[in-house]
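Novice: So the sequences go chain by chain: A and B.
1 is the number of the first residue of the first sequence in the numbering used here; add one for each residue after it.
186 is the number of the first residue of the second sequence in the numbering used here; add one for each residue after it.
The hints are simulated quantities; they were obtained by calculation from the structure and are not laboratory data.
Predicted, not measured: the structure shown is a model, and the values here were computed from it.
Some clues are possibly wrong.
As the list claims (entries may be wrong) - If you anchor each label on the Cβ, the simulated ranges turn out as follows: (1) B/Gly192 to A/Glu95: 19 to 27 Å; (2) B/Arg414 to A/Pro69: 27 to 35 Å; (3) B/Gln204 to A/His99: 43 to 51 Å; (4) A/Thr55 to B/Thr373: 49 to 57 Å; (5) B/Glu343 to A/Arg116: 36 to 44 Å; (6) A/Pro57 to B/Arg201: 35 to 43 Å; (7) B/Asp389 to A/Glu95: 47 to 55 Å; (8) B/Arg414 to A/Thr173: 45 to 53 Å; (9) B/Lys444 to A/Thr18: 38 to 46 Å; (10) A/Thr18 to B/Asn366: 23 to 31 Å; (11) A/Met1 to B/Lys368: 54 to 62 Å; (12) A/Arg116 to B/Asn312: 19 to 27 Å.
Unchecked claim - Cut-off 27 Å, straight-line C-alpha distance, at most; resulting in silico cross-link-like pairs (DSS-like, lysine-lysine): (13) A/Lys3 to A/Lys40; (14) B/Lys212 to A/Lys40; (15) A/Lys129 to B/Lys310; (16) B/Lys212 to A/Lys129; (17) B/Lys274 to A/Lys137; (18) B/Lys417 to A/Lys87; (19) B/Lys212 to A/Lys87; (20) A/Lys87 to B/Lys436; (21) B/Lys274 to A/Lys68; (22) B/Lys340 to A/Lys40; (23) B/Lys274 to A/Lys129.
Note that the Cβ used here is the ideal one computed from N, Cα and C, for glycine as well.
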Amino acid sequence: MYKALVIGGSAGSFQVITKILSSLPKNFPLPVLLSLHRLKHVRSGFVEALSIKSTIPIVEPFDKESIKPGKGYLAPSNYHMYIELNKRIALSTEEPVNHSRPSIDLTFETAAQAYRNKLIGIILSGANKDGAHGLKKLKQAGGLAIVQDPNECQVKTMTEASLKVTTVDHIFTTEQIINFLLNIK
Amino acid sequence: MNKYELGIVDTRNIIRTLQDVYNYDFKNYALTFFKRRVEKIIGNYNLKDADEFIQKIKTDTALFESFLQDICVDTSEMYREPSMWRVLKEEVFPKITSDTLNFKIWFPEVASGEELYSTAIILEKLNLLKNVQFIASSISELNIEKIKKGLFDPKKIEFNDTNFVRIFNDSELSDYYTHKNEKAYWKTSLIENTKFIKQNVIFDDYPKGIKLVLFRNQMIYYNQILQERYIKIIYNCLVPGGYLAIGNKEKIDYWNSDKDYILINDSESLYKKKLS
């Protein structure tokens, strides 16, 4: 019944992300949209590092690439990643939001417009408030909002900012996130 | 945070107005981008909603000109993706000048001018600037005026300078601009040899005999229909063997496109028009 999973993370989220990606079944039924803060000048290495651990293929998509289930899409460095209504990726070099490009807010907000109540969003560890507004939009559009348990986060600013503006559906530890995702049909 | 949000119907109405009143057709812009951009513009102009924007822009041509400027993304920087500029400097320009002395470079949407000035400075350093004719098209007259004056945002200086030393370690970018009283200007002598063309969304006037087209991260704001149309026009502008540089996350992928172009540098999305 869900059509997509979107994940946002920043400082302290890399371990969590790799743990999640290494636990998904190979035939995971949803596309996984990843908006993670990363170094602007380091174009290569990140998607490779995620791919080594991941059970599903992870790509840095090209502009207008169509989104397929069972595949991960990592926002490329120095671009925002939007989700178009026709379920394609659209990239943008517009100004950074919350000092970030990619901006988690923008990926979440546009994914919410495209997938409405068929979207699951997860905010992980991070050091600024990016993602909070996006998760709120996702929730308003009827999506399912999950936040990593701040007590488990290396840096809890991002999860706490999200919890402040949105009544989320679940506050989960990494293990609980994984169990939840394993039970998605 | 509670900014104005445009519905799909409002967005379509705005597109229709711009088409009817000004004959500018934005329907093949990427929808999410266009919608977000207009939301921002409505906010910047202190307008209430789409209806007020439509009423105003219908009669206010100055507002329309400023809309055309604001729809262009001006947040690029000098030498974005330094690795691509190294390829131009070390491979493409030497290759081009090994078989022709004078050549033309076209910027199909010059936006805020960073790509134009970046190219001019490289050619100046290679002592080739006098041999090159630039053609710079834009939908925004205001941007063209700004570029002619050399004006740029001083907030970008730090990024720009850092990128530049990744390409040239024997000089400073500040040799090419002045920064005083919170304003920054490029040396406009760099673009003396530039022909500017004010254009509509689709070209009504485009150049021929082009050796290199620089069009990075502009087509991402179009949908696939408009992208394909642009790439086909560019094909007709390029000389056989001419180069096309697009953003490193863009690709040419229409039906049979491999008959027209060859990808010569995968990581930088640099293409070459086939010889025949």
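Novice: Take the hints in turn and mark each one as holding or not.
Specialist: Status of the hints after comparison with the structure:
For the pair B/Gly192 and A/Glu95, the supplied restraint of 19 to 27 Å holds, since their beta-carbon distance comes to about 24 Å. One distance hint, 27 to 35 Å for the beta-carbon pair B/Arg414 and A/Pro69, holds here, with the actual separation near 31 Å. A C-beta distance of roughly 37 Å is found between B/Gln204 and A/His99, which places it outside the suggested range of 43 to 51 Å. A hinted range of 49 to 57 Å for the beta carbons of A/Thr55 and B/Thr373 is consistent with their spacing of about 56 Å.
Under the hint 36 to 44 Å, the C-beta atoms of B/Glu343 and A/Arg116, about 41 Å apart, fit the expected range. Evaluation of the 35 to 43 Å hint for A/Pro57 and B/Arg201 yields a pass: the beta carbon distance comes to about 41 Å. At about 30 Å, the beta-carbon gap between B/Asp389 and A/Glu95 misses the expected band of 47 to 55 Å. Under the hint 45 to 53 Å, the C-beta atoms of B/Arg414 and A/Thr173, about 51 Å apart, fit the expected range.
B/Lys444 and A/Thr18 have their C-beta atoms about 42 Å apart, which keeps the hinted 38 to 46 Å range intact. About 50 Å separates the C-beta atoms of A/Thr18 and B/Asn366, a value inconsistent with the hinted range of 23 to 31 Å. Separated by about 56 Å at the C-beta atoms, A/Met1 and B/Lys368 satisfy the suggested range of 54 to 62 Å. Distance hint for A/Arg116 and B/Asn312: a CB-CB separation of about 58 Å, inconsistent with the stated range 19 to 27 Å.
Between A/Lys3 and A/Lys40, the direct Cα distance comes to roughly 30 Å. Violation of the 27 Å bound is thereby established for this hinted pair. A distance of roughly 32 Å separates the Cα atoms of B/Lys212 and A/Lys40; the hinted pair therefore is violated under the 27 Å criterion. Between A/Lys129 and B/Lys310, the direct Cα distance comes to roughly 43 Å. Violation of the 27 Å bound is thereby established for this hinted pair. Between B/Lys212 and A/Lys129 the CA atoms are separated by roughly 34 Å; this puts the pair beyond 27 Å, and the hint is violated.
Distance restraint check for B/Lys274 and A/Lys137: the Cα-Cα separation of roughly 45 Å exceeds the 27 Å cut-off, and the hinted pair is therefore not satisfied. Pair hint B/Lys417 plus A/Lys87 holds up; C-alpha atoms about 25 Å apart against a cutoff of 27 Å. Among the hinted pairs, B/Lys212 with A/Lys87 is consistent with the structure: their alpha-carbon atoms are about 18 Å apart, no more than 27 Å. Restraint check: the Cα-Cα separation between A/Lys87 and B/Lys436 comes to about 18 Å, which is no more than 27 Å; the hinted pair holds.
Between B/Lys274 and A/Lys68, the direct Cα distance comes to roughly 38 Å. Violation of the 27 Å bound is thereby established for this hinted pair. A C-alpha spacing of about 17 Å is found between B/Lys340 and A/Lys40, which places the hinted pair at or below 27 Å, so the restraint holds. Among the hinted pairs, B/Lys274 with A/Lys129 is inconsistent with the structure: their alpha-carbon atoms are about 40 Å apart, more than 27 Å.
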